[in-house]
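Add 58 to the 1-based position in the sequence shown for this note's numbering, that's all there is to it.
One should not assume that every hint holds.
When the alpha-carbon atoms are kept at most 30 angstroms apart in a straight line, the in silico BS3-like pairs for lysine-lysine are as follows [unchecked claim]:
(1) Lys441 x Lys431
(2) Lys334 x Lys420
(3) Lys216 x Lys97
(4) Lys211 x Lys97
(5) Lys291 x Lys302
(6) Lys243 x Lys224
(7) Lys417 x Lys431
(8) Lys291 x Lys280
(9) Lys316 x Lys431
(10) Lys135 x Lys97
(11) Lys316 x Lys441
(12) Lys101 x Lys224
(13) Lys441 x Lys321
(14) Lys243 x Lys233
(15) Lys334 x Lys316
(16) Lys216 x Lys135
(17) Lys231 x Lys246
(18) Lys321 x Lys438
(19) Lys331 x Lys438
(20) Lys420 x Lys431
(21) Lys431 x Lys334
(22) Lys316 x Lys331
Label pairs and their computed distance ranges (CB to CB) [claimed, not checked]:
(23) Gln309 x Asn288: 25 to 33 angstroms
(24) Thr446 x Gln416: 44 to 52 angstroms
(25) Ser240 x Lys101: 26 to 34 angstroms
(26) Ser270 x Lys302: 40 to 48 angstroms
(27) Asn215 x Ser240: 31 to 39 angstroms
(28) Ser240 x Ser273: 40 to 48 angstroms
(29) Leu477 x Gly306: 36 to 44 angstroms
(30) Leu477 x Asn269: 22 to 30 angstroms
(31) Ser338 x Gln399: 31 to 39 angstroms
(32) Ala175 x Asp69: 25 to 33 angstroms
(33) Gln399 x Asp424: 33 to 41 angstroms
(34) Ser270 x Leu230: 44 to 52 angstroms
(35) Ala163 x Val139: 33 to 41 angstroms
Just so you know, these hints were derived from the structure itself, not from any lab. Treat the numbers as computed from the prediction; the structure is a model and nothing was measured. The beta-carbon is built from N, C-alpha and C at its ideal position, and this holds for glycine as well.
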Amino acid sequence: MEYLYYLIPSDSIQLVFLIVIAGLSFGTAAWLLLTANEKAWEKVWQNGTFDDKMDDLSAEHGSVIELADAVALPSEKFAEVLPSMLLVIGLLGTFLGVGVALNAAADVLDNKNVEPAELLAKMMPMLGGLGALFKSSIYGIIFFFLFTLWRSKFGRNKERFNWCVKQCNNQLKLKNSFAAASTNKIVKALSDMQESLGKNLGDCIRNSLLNSLESGFGSLEKGILLMNKNLCKTLEETVVERFKALEGEFQELVDETKRMTDKIVSVSTNITKMTKEMDSLSTSMKNEFESVSESADKMGTAAASLTKSVDDFTPAVTNTLNSIQTQFVESINASSSVMEQAGDSIRQAVVTMADESQKGQKKLNDTLDVFEKNIRVSLKDIKDATTTMGVVSGDQIHVMEGLKDGIEERLSSISRANLKISSEMNKLPGNIAEILAKTLNRVPSEKENDLSRKG
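Take these sequences, add in the hints, and give me the full structure.
Next up, the structure:
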């Protein structure tokens, strides 16, 4: 209870400040409740002129919060700053009372002739009332909290914000409706324009495209003919170059064949020479055999002589049996001499035959060795020539196959190019029709875009 009694004003100045603080609080609350409504906000939105729309607010002028602050009434704006004013007024009363009390204390202290007891008696009432000087600040703080709580509960900030949201939504809806109507009018106008200009524009574009295509086809045909001509010329040049290369290679083959023929002729000459040598050897062997035959004849003659001698000896023996002593030695000596001569003849014939046979065998062996060497050289030359001919023939076959592949590839390229050109020519009418359709469909949209940009 002491605190409540403390809040009761004890002098006139405290009562004045209490009345001012309470009057401002209740008066502002009543003013706010009476004036803050949609009609007043609408008037502020229209800037007080219902007929002139040029000075009205719009949803494009700012955000909803900014527009809500813009349409706030003076009572609402005053209610926002009132709590701070209440605190300032309370402090003003407190400082005013403190200032008056301090002046009174200064007057008391300036009186030097006053006794200390009397001075204390004069200071005590002033010190006792010094605590009451803070009541105005307490009144300001109390009404600050009360008005702030009331304004947060019963203020019109939320209603004003919701009204601004509705107002902005209505304007945006009207704007969208107007834009849709304008778009429909533009589309209708463009449709009418398209209907009026479609045929003439389409014919103009079609004729222009046909003329361009005709000139393009002429150029394309010339290009195709020139390409085929160049391909044929290139193919002809390639074939001629290949045949020239083959001619040179064939000439090399002819030269190689000629060289091989010369080698074969040389081998044939060597074989002929060898045959002649073998004939000479055969003649020599024949002569040797004739010598041996003569030796044999001589041996036969000697044998016949020996037989004749024996035959002659037998009668002589018979005739000279009676004169053995005189003729025996002579007959024996004569027989010995004849046999010695026959033995010498036979020995000489055998030695001669052996020498001639040895010489003939040696000459035959030498001739056979030479013949074998010549045969080996000839066979090697023939083998090398055959291998060379095989390599050259393989190269010629490879060159001919390469020439054949090159010709087939060029012909295949020409065939593919002609097929591709034919395919593109077949697709060309459809592509032309598609391009015409896209061009004609693009014209209205471009007109609409131009009109929308101009609008």
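Each hint tested on the structure:
1. Lys441 x Lys431: 15 angstroms, holds
2. Lys334 x Lys420: Answer holds: Lys334 to Lys420 is near 17 angstroms, not above 30 angstroms.
3. Lys216 x Lys97: 16 angstroms, holds
4. Lys211 x Lys97: 22 angstroms, holds
5. Lys291 x Lys302: Judged against 30 angstroms, a Cα distance of about 16 angstroms means the pair holds.
6. Lys243 x Lys224: 28 angstroms, holds
7. Lys417 x Lys431: Given that 30 angstroms is the threshold and the Cα spacing comes to 21 angstroms, the pair holds.
8. Lys291 x Lys280: 16 angstroms, holds
9. Lys316 x Lys431: 24 angstroms, holds
10. Lys135 x Lys97: Given pair Lys135, Lys97 holds - Cα atoms ~17 angstroms apart, limit 30 angstroms.
11. Lys316 x Lys441: With a Cα-Cα distance of about 15 angstroms, the restraint between Lys316 and Lys441 holds, given a limit of 30 angstroms.
12. Lys101 x Lys224: 16 angstroms, holds
13. Lys441 x Lys321: Answer holds: Lys441 to Lys321 is near 11 angstroms, not above 30 angstroms.
14. Lys243 x Lys233: Roughly 15 angstroms separates the two Cα atoms, so the pair holds.
15. Lys334 x Lys316: Cα-Cα ~27 angstroms, so holds.
16. Lys216 x Lys135: 14 angstroms, holds
17. Lys231 x Lys246: With Cα atoms ~22 angstroms apart, Lys231 and Lys246 stay inside 30 angstroms; holds.
18. Lys321 x Lys438: 11 angstroms, holds
19. Lys331 x Lys438: Holds, at roughly 19 angstroms.
20. Lys420 x Lys431: 17 angstroms, holds
21. Lys431 x Lys334: Roughly 16 angstroms between the alpha carbons, so the hint for Lys431 and Lys334 holds.
22. Lys316 x Lys331: Cα-Cα ~22 angstroms, so holds.
23. Gln309 x Asn288: 25 to 33 angstroms: 31 angstroms, holds
24. Thr446 x Gln416: 44 to 52 angstroms: Between Thr446 and Gln416, where Cβ atoms are some 45 angstroms apart, the hint holds.
25. Ser240 x Lys101: 26 to 34 angstroms: Between Ser240 and Lys101, where Cβ atoms are some 30 angstroms apart, the hint holds.
26. Ser270 x Lys302: 40 to 48 angstroms: This hint holds: roughly 47 angstroms between Cβ atoms.
27. Asn215 x Ser240: 31 to 39 angstroms: Check passed, 37 angstroms falls within 31 to 39 angstroms.
28. Ser240 x Ser273: 40 to 48 angstroms: Distance hint for Ser240, Ser273 holds at roughly 44 angstroms.
29. Leu477 x Gly306: 36 to 44 angstroms: Because 37 angstroms falls inside the window, the suggested range holds.
30. Leu477 x Asn269: 22 to 30 angstroms: With Cβ atoms ~29 angstroms apart, the hint holds.
31. Ser338 x Gln399: 31 to 39 angstroms: Because 36 angstroms falls inside the window, the suggested range holds.
32. Ala175 x Asp69: 25 to 33 angstroms: 27 angstroms, holds
33. Gln399 x Asp424: 33 to 41 angstroms: 38 angstroms, holds
34. Ser270 x Leu230: 44 to 52 angstroms: Since Ser270 and Leu230 have Cβ atoms about 50 angstroms apart, the given range 44 to 52 angstroms holds.
35. Ala163 x Val139: 33 to 41 angstroms: 36 angstroms, holds
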